[in-house]
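S.K.: The listed protein sequences correspond, in order, to chains R and L.
Basically the numbering used here = 1-based index in the first sequence + 2.
Basically the numbering used here = 1-based index in the second sequence + 1486.
I should point out that these hints are in silico values taken from the structure, not numbers from a laboratory.
Incorrect hints may appear among the rest.
What the hints assert, rightly or not - With a straight-line cut-off of 30 Å between C-alpha atoms, the simulated DSS-like cross-links for lysine-lysine are:
1. L/K1563 - L/K1736
2. R/K173 - R/K132
3. L/K1940 - R/K168
4. L/K1730 - R/K88
5. L/K1861 - L/K1545
6. L/K1736 - L/K1560
7. R/K87 - L/K1545
8. R/K88 - L/K1927
9. R/K87 - L/K1628
10. R/K65 - L/K1733
11. L/K1736 - R/K87
12. R/K88 - L/K1628
13. R/K95 - L/K1628
14. R/K88 - L/K1733
15. L/K1563 - R/K170
16. L/K1733 - L/K1717
17. R/K65 - R/K95
18. L/K1552 - R/K87
19. L/K1552 - L/K1563
Given the structure is predicted, the values throughout are model-derived calculations rather than measurements.
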Amino acid sequence: MFSLLLDLIQPSSGHIVSNDVRIDQSEDWKPFTSAFIDESFLIGYLTPEEYFYFIGELRGQNKADIDALIASYSDFFNGEAVGQKKYLRDLSKGNQKKVGIVAALIGKPQVVILDEPFANLDPSTQIRLKKIIKDLANDPEVTVLVSSHDLIHVTEVAQRVVLLEKGKVVKDIEKSSATFKELEDYFIGISEIHAPVATVLTEEE
Amino acid sequence: MGALYFIVAFGALGVGSYFIIEEFIEKGKIVADNPFQVVNGFLIYWVFADIGYRYMLQKMPVANIKPLLYLPFKKGKIVNYALGKTVVSFFNFLPAFFFIPFSVVLIAQGYSVTGVIGWHLAMLFITLAANFLNVFMNNMDKVFYPVLAVIAGLGLSQYYGLFDITAYTGPMFMFFYENAWAFIIPLLLFIVTTYYAYHYFIKQLYLDEGLKDVAKEATTEDLSFLDRFGKLSTYLKNDIKLIKRNKRAKMTFIMGFFFVLYGLFFMNDLYSSINGMKVFAGLFCTGGFLFSFGGLVPSWDSSYYKLMMSQNIPYREFLLSKWWLMVAATVVSTLLCTFYLYFGLDWWFGMLAGAVYNIGFNSSVVLWGGGAFVKTPIDLMTTKKAFGDSKAFNAKTLLLLIPKLVLPVVIYYAFALTINESAGFIAIAATGVLGLLFRNKIFDMIEDIYKNEKYDTIAAYSQKN
């Protein structure tokens, strides 16, 4: 579904409108949208720094902007990933993910799309990432779309939770203190019947 | 494709070399008593070449071993399996395609049957010993390259008649024929190398030892001089890193320049009298990189194509970067081709005409063909399929040869036969200039193709992931 949002696959029916731009007809959504879906968004033969500069140049940022951005996320990298004289393809999955996520924040995008951002990250990085996402979401100009299978992460980070089951919207709720219970009950309910694959999509504005 | 070529070539040599050498001896071009003696003389180079290309190309099947480690097998069994696997390598079968027919010819020519069999077995065990030698000969560049230099030096000194090593090594190999039992010596060599290979390998059988993927330290180079290309520099910098840091791309790059020598194949009397061949040679020699690298755009970026498609990247800039690279490489190749002047001015004109046609016209044609038909993802890290990917080679790519190679020859003859040779060359170059003038128009068309094919290309590239 995130692939549809990025116009990487064609919709079989309907269309998506983002910020008044119809995604399958115009490319004007590209400057204000950024995403990290999987490793195919990384360029394996670059170092993380080179990758940031490359994305930065595409998004109209200069080298100093990027250096400042890398510095501001230094605690997120936690001394790993950047400055190690390693190419992206030689980094661990978790460090690759960190690089991908930070790259998706380059150039102040208004729509940030992150697919399963918490997977493969160590607990302390997960906590830092939650803080980053929350800070971003507090900016009224920015929308962050996050998908996750983890209900705790979802309820902690999201302002609006959309539950999809086999492509259909099952729930669409503003988050409150009762949301976690509500979601959990829902999944306990279906796990007792059968085991379908359900994705939780969260959105915050 | 490459493998088949080698098999046919070796087989043909195995059957034919005896008679070819015999003829040379009769004509007095080679001084020797019989062809067998000549072959034995050169076997020393064969053996070193065998070890050399094994060292560079034959790799241990390490990747297949990892999953076996934690299954209930004894270590010895895993090592035997891995070593056994190297025996069925192409490198061991290839020599057979030479030695078996050659041995048959020898027997047919009246050589002693037991002697030939003994000699053949000796060759077989030398080949196998080389196979196992290669197992524990990894990362020995410091030894390998000096030895390579010495062998090359010996070859040169033989060529110039200074010192002939084959006079000493030839009798050594002849010894295996004259004393059929002597194959025991290479057999022992084979057993010793196998023994060492086994023990070397079993020590390496840990994830942090021999099975470790060696990560090269990243080096960043300053490419800021490219900034003068403006927006294009972003992509140019990336493409240069692509070529420098990825095995597959690097090899394509180097191979591209070997095409410069391709024209030498046309130098024998059979071809050099045909002027159309000069056009062919011109296109190939100057366009090696253009065809081999450009023909695979956009697959070079296949592993991160989704990123490219979701970023704000105009196709034109993305493609122009590749175009400039091809143009630059073609210019360099053309400069390298200056030595064809030695063969005559018309050869050089052929090169120049080919170069202009390549720059003006073929550079756009390969990008167009790539956008329309090339949907095979490239694994940048391996050189495995570098010689002819069967999937990238289909009827459509064959059709593209018409504008790339056939059309210029047709143009040449249209003008060369009606006016004169020079007019033919000028006409080709003029077509190239026309292509250059209409480049932007052509790029509009190419861009449309890339846009239309976007979803199909993304789907094809993500299939492997």
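S.K.: Tell me, which hint numbers fail for this structure?
M.R.: Result: hints 1, 6, 8, 13, 15 break, sorted rising.
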